[in-house]
Amino acid sequence: GENVEQHPSTLSVQEGDSAVIKCTYSDSASNYFPWYKQELGKGPQLIIDIRSNVGEKKDQRIAVTLNKTAKHFSLHITETQPEDSAVYFCAAGLGGGYQKVTFGIGTKLQVIP
Amino acid sequence: NAGVTQTPKFRILKIGQSMTLQCTQDMNHNYMYWYRQDPGMGLKLIYYSVGAGITDKGEVPNGYNVSRSTTEDFPLRLELAAPSQTSVYFCASKFTGPNTEAFFGQGTRLTVV
Numbered sequence: 224g225e226n227v228e229q230h231p232s233t234l235s236v237q238e239g240d241s242a243v244i245k246c247t248y249s250d251s252a253s254n255y256f257p258w259y260k261q262e263l264g265k266g267p268q269l270i271i272d273i274r275s276n277v278g279e280k281k282d283q284r285i286a287v288t289l290n291k292t293a294k295h296f297s298l299h300i301t302e303t304q305p306e307d308s309a310v311y312f313c314a315a316g317l318g319g320g321y322q323k324v325t326f327g328i329g330t331k332l333q334v335i336p
Numbered sequence: 676n677a678g679v680t681q682t683p684k685f686r687i688l689k690i691g692q693s694m695t696l697q698c699t700q701d702m703n704h705n706y707m708y709w710y711r712q713d714p715g716m717g718l719k720l721i722y723y724s725v726g727a728g729i730t731d732k733g734e735v736p737n738g739y740n741v742s743r744s745t746t747e748d749f750p751l752r753l754e755l756a757a758p759s760q761t762s763v764y765f766c767a768s769k770f771t772g773p774n775t776e777a778f779f780g781q782g783t784r785l786t787v788v
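Here the protein sequences line up with chains L and S, keeping their order.
This note's numbering puts the first sequence at residues 224 to 336.
This note's numbering puts the second sequence at residues 676 to 788.
Isolated chain L, as found in the complex (with noise of 0.2 Å):
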């Protein structure tokens, strides 16, 4: 099955600097790759994600890189903001209708104002 692996576990940052989480999985079949944050007492909320058919993909602050070659993926925030602190998982698996990902152990990022 997938295995993923997220780094770095925690990562704090002043504000307006960027913050940088990678992520590496096991299974070259894997073809979506979802990230999601997840604030204290809440459920994941997606935040963006990115097919094996697209090497990079921004929304405003956040983006994402995938390389199927070496199988890892990034996410990147720029100009951190206090909200920005919350832990955010990466995922991988197969995004077809029933969407099966494995995910990855979370980052705790904080952002110091």
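Please note that a few of the clues may not be correct.
[As the list claims (entries may be wrong)] In the DSS-like style, the derived pairs of lysine-lysine whose C-alpha atoms are separated by at most 30 Å in a straight line are:
1) L:Lys323 with L:Lys260
2) L:Lys280 with S:Lys689
3) S:Lys719 with L:Lys280
4) L:Lys265 with L:Lys281
To be clear, the hints were calculated from the coordinates, so they are not data collected in a lab.
Predicted model, so just to flag it, every value in this text is computed and none were measured.
Fit chain S to the given chain L structure using the hints.
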């Protein structure tokens, strides 16, 4: 618009007791999922359902049962609670199709003592 609703939010069980975690969604989603989240770990899939009357095991199904008699509801049953089932449980749902987002409930924090 309620989305995915889980009840209860918190519960303490004694070893050997049983309980049902409720999950309901009002978005007419076909797919529903149950995950557990342990400290410092990613989400692990317990069971999933692709529609009413159809359920299947995920990565960690032992000790749990599910049913899907309606599109809206997907309860998770613990028959003989064990300390290893202490966790936070999340229910999620999504539409059929590859380009649709999974929505998560706010979670149920379960402690087995």
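- Message: Hint check: lysine 280 of chain L vs lysine 689 of chain S, CA-CA at most 30 Å. Holds or violated?
- Response: The given pair, whose Cα atoms are some 47 Å apart, is violated under the 30 Å limit.
- Given hint lysine 260 of chain L paired with lysine 323 of chain L - CA-CA distance at most 30 Å: At roughly 18 Å apart (the allowed maximum being 30 Å), lysine 260 of chain L and lysine 323 of chain L satisfy the hint.
- Query: Going straight from one Cα to the other, do lysine 265 of chain L and lysine 281 of chain L come out at no more than 30 Å?
  - Reply: holds (25 Å)
- Item | Pair hint outcome, lysine 719 of chain S versus lysine 280 of chain L [Cα-Cα no greater than 30 Å] | Between lysine 719 of chain S and lysine 280 of chain L the Cα gap is close to 26 Å, so the pair holds against 30 Å.
Comparing the model with each numbered hint stated earlier shows that hint 2 is the single one that does not hold.
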